[in-house]
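All chains should be modelled from the sequences, with the hints used to inform the complete structure.
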Amino acid sequence: TISQSLSPAGCSRPRKMAPVKVFGPGKSRNVARVLMCLVEVGVEYEVVDMDLKALEHKSPEHLARN
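Note that the working numbering gives residue 3 to position 3 of the sequence shown, counting from 1, and the numbers run on in steps of one.
Because the hints were derived from the structure by calculation, they are not lab data.
Worth double-checking, as some hints may not be accurate.
[To be verified] Label-pair restraints from in silico Cβ distances: (1) S28 / E61: 17 to 23 Å; (2) P60 / M36: 26 to 32 Å; (3) S28 / L63: 15 to 21 Å; (4) H57 / C37: 19 to 25 Å; (5) V39 / A64: 25 to 31 Å; (6) P60 / V39: 29 to 35 Å; (7) K16 / A54: 32 to 38 Å; (8) S59 / V34: 18 to 24 Å; (9) E56 / A32: 16 to 22 Å; (10) E40 / L63: 28 to 34 Å; (11) E40 / P60: 30 to 36 Å.
[To be verified] The list that follows gives simulated cross-link-like pairs (lysine-lysine, BS3-like), each with its CA atoms no further than 25 Å apart: (12) K21 / K58; (13) K58 / K27; (14) K21 / K53; (15) K53 / K27.
Just so we're clear, the structure is a prediction, and the values are computed from it rather than from any experiment.
Idealized CB from N, CA, C, for every residue including glycine.
Structure representation (structure tokens):
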């Protein structure tokens with residue numbers, strides 16, 4: 001599984017990953033591509049819709065994530 005492949009080298013136990021959060025406009029082609037990949041590898045995810053016209057991606061809260 002993806003959680004096993006992302007375990008640090010030498011770690012004998014697989015680690016459970018927290019669900020991935022995908023930030024972006026829900027109807028974006030790029031977001032859709034990311035979601036297709038996550039579904040394909042079986043990773044849990046959550047979509048956080050962002051309104052780019054309202055500059056939500058420029059908010060201090062969002063910028064602090066990066």
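Going through the hints against the structure:
no. : hint                  : result
1   : S28 / E61: 17 to 23 Å : holds (20 Å)
2   : P60 / M36: 26 to 32 Å : holds (31 Å)
3   : S28 / L63: 15 to 21 Å : holds (19 Å)
4   : H57 / C37: 19 to 25 Å : holds (21 Å)
5   : V39 / A64: 25 to 31 Å : holds (28 Å)
6   : P60 / V39: 29 to 35 Å : holds (32 Å)
7   : K16 / A54: 32 to 38 Å : holds (35 Å)
8   : S59 / V34: 18 to 24 Å : holds (21 Å)
9   : E56 / A32: 16 to 22 Å : holds (19 Å)
10  : E40 / L63: 28 to 34 Å : holds (30 Å)
11  : E40 / P60: 30 to 36 Å : holds (34 Å)
12  : K21 / K58             : holds (17 Å)
13  : K58 / K27             : holds (19 Å)
14  : K21 / K53             : holds (20 Å)
15  : K53 / K27             : holds (13 Å)
Of the numbered hints stated above, none is contradicted by the structure.
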